[in-house]
Amino acid sequence: MSITAEPPRQQFQSDANRTSTDAPRRAAVRRALSNYQTARDRTGATFTDWKSARASAATIKHEAVNHLDRYLEEFEKKFSARGGKVFWASDSKQARDYILHLAKEKNVRSIVKSKAMTGEEIHLNQALLEEGYGVVESDLGEYIQQLKGEPPYHFVFPCMHLRRDEISDLFQRELGTEKTDSPEELTMIARRVLRRAYVEADMGISGGNFIVADTGMISITENEGNARLTVGLPKIHVALIGIEKVVPCLADLALFLPMLATAGTGQHLTGYNSMYGGPRQPGEIDGPDEFHVVFLDNHRTRLLADPEQRDALHCIRCGACLNVCPIFKNIGGHTYGTTYQGPIGSVITPHFRGLEDWKHLSGASSLCGACTETCPVGIDIHHHLLHNRRNAATQKPAPGEQFLWRAFSFLMKRPALYRLATKFAPLGGMLHPLVQGSPLDPVASWTATREFPAAPAGSFRARFRAHTAAKSAALKKGGVQ
Amino acid sequence: MSPNRGDREAILGRVREALREEAPLKHPAERSAGGEPTTAHFREWLPPVGASIEERYALFAKLSESLRTELQLCADMAEVSAAIKKLAEEGAWKTIALHEGELTSALVPAFPAQLSPMVLSKGYDKDQLEACDAGLTECDLLVAQTGSVCVTSKSAGGRVLSVLPPHHIVVARKNQLVTDLSEAYASLASKYRDAYPSMISFITGPSRTGDIERILVLGAHGPKRLTVLLLP
Ligand code: SF4
Numbered sequence: 001m002s003i004t005a006e007p008p009r010q011q012f013q014s015d016a017n018r019t020s021t022d023a024p025r026r027a028a029v030r031r032a033l034s035n036y037q038t039a040r041d042r043t044g045a046t047f048t049d050w051k052s053a054r055a056s057a058a059t060i061k062h063e064a065v066n067h068l069d070r071y072l073e074e075f076e077k078k079f080s081a082r083g084g085k086v087f088w089a090s091d092s093k094q095a096r097d098y099i100l101h102l103a104k105e106k107n108v109r110s111i112v113k114s115k116a117m118t119g120e121e122i123h124l125n126q127a128l129l130e131e132g133y134g135v136v137e138s139d140l141g142e143y144i145q146q147l148k149g150e151p152p153y154h155f156v157f158p159c160m161h162l163r164r165d166e167i168s169d170l171f172q173r174e175l176g177t178e179k180t181d182s183p184e185e186l187t188m189i190a191r192r193v194l195r196r197a198y199v200e201a202d203m204g205i206s207g208g209n210f211i212v213a214d215t216g217m218i219s220i221t222e223n224e225g226n227a228r229l230t231v232g233l234p235k236i237h238v239a240l241i242g243i244e245k246v247v248p249c250l251a252d253l254a255l256f257l258p259m260l261a262t263a264g265t266g267q268h269l270t271g272y273n274s275m276y277g278g279p280r281q282p283g284e285i286d287g288p289d290e291f292h293v294v295f296l297d298n299h300r301t302r303l304l305a306d307p308e309q310r311d312a313l314h315c316i317r318c319g320a321c322l323n324v325c326p327i328f329k330n331i332g333g334h335t336y337g338t339t340y341q342g343p344i345g346s347v348i349t350p351h352f353r354g355l356e357d358w359k360h361l362s363g364a365s366s367l368c369g370a371c372t373e374t375c376p377v378g379i380d381i382h383h384h385l386l387h388n389r390r391n392a393a394t395q396k397p398a399p400g401e402q403f404l405w406r407a408f409s410f411l412m413k414r415p416a417l418y419r420l421a422t423k424f425a426p427l428g429g430m431l432h433p434l435v436q437g438s439p440l441d442p443v444a445s446w447t448a449t450r451e452f453p454a455a456p457a458g459s460f461r462a463r464f465r466a467h468t469a470a471k472s473a474a475l476k477k478g479g480v481q
Numbered sequence: 001m002s003p004n005r006g007d008r009e010a011i012l013g014r015v016r017e018a019l020r021e022e023a024p025l026k027h028p029a030e031r032s033a034g035g036e037p038t039t040a041h042f043r044e045w046l047p048p049v050g051a052s053i054e055e056r057y058a059l060f061a062k063l064s065e066s067l068r069t070e071l072q073l074c075a076d077m078a079e080v081s082a083a084i085k086k087l088a089e090e091g092a093w094k095t096i097a098l099h100e101g102e103l104t105s106a107l108v109p110a111f112p113a114q115l116s117p118m119v120l121s122k123g124y125d126k127d128q129l130e131a132c133d134a135g136l137t138e139c140d141l142l143v144a145q146t147g148s149v150c151v152t153s154k155s156a157g158g159r160v161l162s163v164l165p166p167h168h169i170v171v172a173r174k175n176q177l178v179t180d181l182s183e184a185y186a187s188l189a190s191k192y193r194d195a196y197p198s199m200i201s202f203i204t205g206p207s208r209t210g211d212i213e214r215i216l217v218l219g220a221h222g223p224k225r226l227t228v229l230l231l232p
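Chains as they are written, first to last, in the working numbering: chain G, 1 to 481; chain Z, 1 to 232.
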């Protein structure tokens, strides 16, 4: 769980220990993710050339992110000209305060919200609830997680870890509905509750997938239509969006929308892809009177300032890197303790929330590179994890590790001592059972779930010497050369 | 910080400071023979569609089927009316919401007697719209490559008519079918110039969710069914 008093590293460790031994849940998550992968591969194969499409996407995002100031200003100019308002928030608090202030000023009573990871990032719902505003998540998965009082498990598939009977129990407890094992019936229960929420809400809060600079629009991708309703019915629309989400032109979406869908869910295009360029325009019959875009920095500029890792801001949050990650499959989404789970979360969280507290995430990788391979915008995700490891080691070397390296190099520079040490290695193996399982065990974290390999009887050097001796003896005998 | 615009100057300042050192472009798009980066030609890399209108239509029909969009060819307006009548009878509809338009308005006189139309105009009653059995709209374009219907707040009766009622019916003409999203955006740009409607939406199939055990359920919120009635 991400809301915990434990320090992030300890929380990660204990949750990982627990979740990685929950075999049935692991198997279910693994099955679901491999289905996504199949769908993704099938749709990806319909592209004339996925690799070139990816290079194009990477190039466009590179242009956008490396001229971010210009594009954000261009958006603001276009968007304001059509009656929209832009608020620039340096951090979570500024963003929350702005939205709270707006709600108060406009006498808002109830709020409906569509999926926004930025909302999770700034803990918006808690802040709104504390001030007495009812806020309902309208994406089905998010709604389920909200009822459960739990953060999303996966930033694209929020409740993929839950079984239908768990959801049915949850609905029974929270909504007083009958038990059912039909996903269809469960969906219809949520549908009924949520339709009232849209009609009654006077503020709709959304995220945004793309900030379109040249036309001043926010583009929102979804499958359910809940975002369409969230920003269509209430009289105020607030879109909370990270400043890195820029694309230069509307026409660029012709590339990004299919790639996002293919990589994320294996669809050709997601159910609804909508671009909003302002509040209701003259002559239109509905739509909000006010449209506020809140640009969120919240340490994105810190990542931007690192040219080596800047491209981590190219991410379009498709979730593909989570779906293929062997670590995610085994430890699950909550273990990360972050807003953004999986490989990309492990890359960006140390920048957003501090390297010292979050550097352990860089180790949550087998460096297999599956994430890098699958990323539709070509981010070298696993190399970034290595960069984070290096940065953490330079910033604050671990004392134990430093000592070990020093001892190692001391030994390696003294062949006689090294030979002596290899003689004693099997002794270590013999003595190990005496401490195994006790706090004195130096390899406890290894032996907790595995056997420690026994040291071989002879060293490599001894074998090599014997081998060359035998060979030269044979040569001498044969008398050749 | 200004109460209206927030930390605008501070953020832009940090962005500019951060960007003083350039980041390497790790995956440059290849250059085409003409030396232009291929970003300008990314259409080439997307799924192929075919040039003729028949090929476009064939792909749109195939995708509609897999998306569970109910696509029906109609020879003329009389057939469109008949199709609506049939749907209304099957679903025992009482009210259908629609917007004023060349095609939609022409259909009203032929509605069956038990079906009352709710023509949306400014300030309509949300509850009344929510209770409608179906929504009838026109659209801007249809997109072959993705099987999508493109609506805007100008062409399709505002923002919610196409997404609140449980059954969305679109009346369109075959010549509205474009190849891909690139063509769609180009067409929207020439149609609206700088005065874009406040919403452009590509609708791809009825509302869907797979949030529960990845099992597809239609009608998570809006339309459980999407019917496209296509005129020549
Ligand atoms: S890093 Fe790449 S694969 Fe991962 S979510 Fe972002 S865009 Fe998708």
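None of these hints come from the bench; they were simulated from the model.
Just so you know, these numbers come straight off a predicted model, no measurement behind them.
Among the hints, a few may not be true.
Unchecked claim - Heads up, incomplete: computed chain Z residues facing chain G, CB under 10 Å, no partners named:
{"#": "1", "residue": "R14"}
{"#": "2", "residue": "L25"}
{"#": "3", "residue": "Y57"}
{"#": "4", "residue": "T95"}
{"#": "5", "residue": "E102"}
{"#": "6", "residue": "L103"}
{"#": "7", "residue": "T104"}
{"#": "8", "residue": "S105"}
{"#": "9", "residue": "A106"}
{"#": "10", "residue": "T146"}
{"#": "11", "residue": "K154"}
{"#": "12", "residue": "P197"}
{"#": "13", "residue": "G210"}
Idealized CB from N, CA, C, for every residue including glycine.
Q: Taking the numbered hints from earlier one at a time, note which ones the structure violates and give those numbers from smallest to largest.
A: Those not satisfied are hints 3, 4, 5, 6, 7, 8, 9.
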